[in-house]
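These are the residues of each chain, in order.
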Amino acid sequence: MNRYLLIESREPAESASVVEHYELAGELAKRGNDVSLFLVQNGVLPVRQGALADALAKATARGVKLFADEFSLRERGIEAPFAAGAKPEPIDFVVERMLDGTKVIWH
Amino acid sequence: MTKKVLSIVENGFRATLEEQDDTVIWFAHVLKGAGAEMTVLLRGNAVNYATKKQDPSGLAFGDRKQTRPPRIHEDLASLAKKGVAVLAVHEDVGHYGLKRDDLIPEVELVPKTRVPQLIDEFDRVWWW
Amino acid sequence: MTQTLTFLLMDPPYENARTTTALRLVDAAIRKGCNVNVFAYEGAVYLPFAKQQPHANAVHGSDAAQEDHPNPKDWIAALTAAAQSKGLKLDWVNCGLCVDERGAAECIPSVRRGSPADFLKFVDASANTLVIPTR
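Line order of the protein sequences matches chains A, B and C.
Oh and the first sequence: position 30 is 30 in our numbering, straight run, nothing missing.
Oh and the second sequence: position 40 is 40 in our numbering, straight run, nothing missing.
Oh and the third sequence: position 10 is 10 in our numbering, straight run, nothing missing.
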């Protein structure tokens, strides 16, 4: 089993590959890996309540843990509660995962 | 010991005319020469890099002509000859209207379902 | 033992959010007591370009001092100083051919010229590596 932190920096309207990336997170989780998805920059836009977060919800339903960069949320005026169960974390979260041996991939 | 690297190239034709190559494919060449153990996976529009019939020749600005246009499919073929596996996602190839015969023989097609498995197999995954 | 993290950046300054996020990650790594390597590829070789200058902003009604417009070279210098003050190192390498084709040779003193082979050495010597590609 591997630990993954997939970083998604874009939102679905920017590229079709964003939803594919969420799906990949789900596939990696389905393979028995410990998978977290960290949203940063415009990647946090889907977690505003009322935004279209279905694709993210599908990933979390498959066991992907969802996090969002606190600063990116604040920068865009996105406040709790967050869609798809996203948990805000400081950017340090990424560094901590890099240090604990997690495979970290930026998209 | 160098870890095994999977280099996923998704973003094609970005600045390739100015650079006269794809800088990520070029980077793979140099890293291989420096001892890296790598596999390159083309997906998204970057699968078009494996097309045999690419011809960006003839670019000119006033009197200044481009004398060495990019030959990305040849760069991929030579990368494969150096021992770097060059893979492409089969469904993405079809998405762009390409068939196996349109592609250089050195590229190996893999189904999209294989991508999570590949990611699991490599120590480092760099997604360009 | 002090751990080392490596980042590869590709974007030039002022073009998109990845630059700031990348430097936030470097900052976080230093705060957490890590040595940090940065390999600047392609446009990222302009991040530590020595000739960046701040400017006023008439739309904001501010002069240069009031606007205090950031230049990434100063952020990088500050990160280097922060690392040094903690007995750590920020080793920033600009890809040499990328520097040549862009004419970006004049960079701040803490930055050195290198090649992809340096990036591979960084990767081999680091606990982990994050590639932040351009789009």
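Treat the hints with care, since some could be wrong.
[Said to hold, decoys possible] If the Cβ cut is set under 10 Å, some of the chain A residues that face chain B in the computed set are: (1) 2; (2) 14; (3) 15; (4) 27; (5) 30; (6) 31; (7) 49; (8) 52; (9) 58; (10) 60; (11) 93; (12) 99.
To be clear, the hints were calculated from the coordinates, so they are not data collected in a lab.
It should be emphasised that the depicted structure is a prediction, and the values quoted were computed from it without experimental measurement.
Ideal Cβ placement from N, Cα and C applies to all residues, glycine included.
Results for each hint:
1. 2: Status holds, d = 6 Å.
2. 14: 13 Å, violated
3. 15: Given a least distance of 9 Å, the restraint on residue 15(A) holds.
4. 27: Nearest chain B Cβ about 4 Å off; hint holds.
5. 30: Since the shortest Cβ distance to chain B is 8 Å, the answer is holds.
6. 31: At about 6 Å, which falls below the 10 Å cut-off, the nearest Cβ of chain B leaves the hint on residue 31(A) intact, so it holds.
7. 49: 30 Å, violated
8. 52: 22 Å, violated
9. 58: Interface hint status for residue 58(A): violated (15 Å vs cutoff 10 Å).
10. 60: Since chain B brings no Cβ nearer than about 17 Å to residue 60(A), farther than 10 Å, the hint is violated.
11. 93: Cβ of residue 93(A) sits 19 Å from chain B, so the hint is violated.
12. 99: Since chain B brings no Cβ nearer than about 15 Å to residue 99(A), farther than 10 Å, the hint is violated.
Violated hints, in rising order: 2, 7, 8, 9, 10, 11, 12; the structure is consistent with all others.
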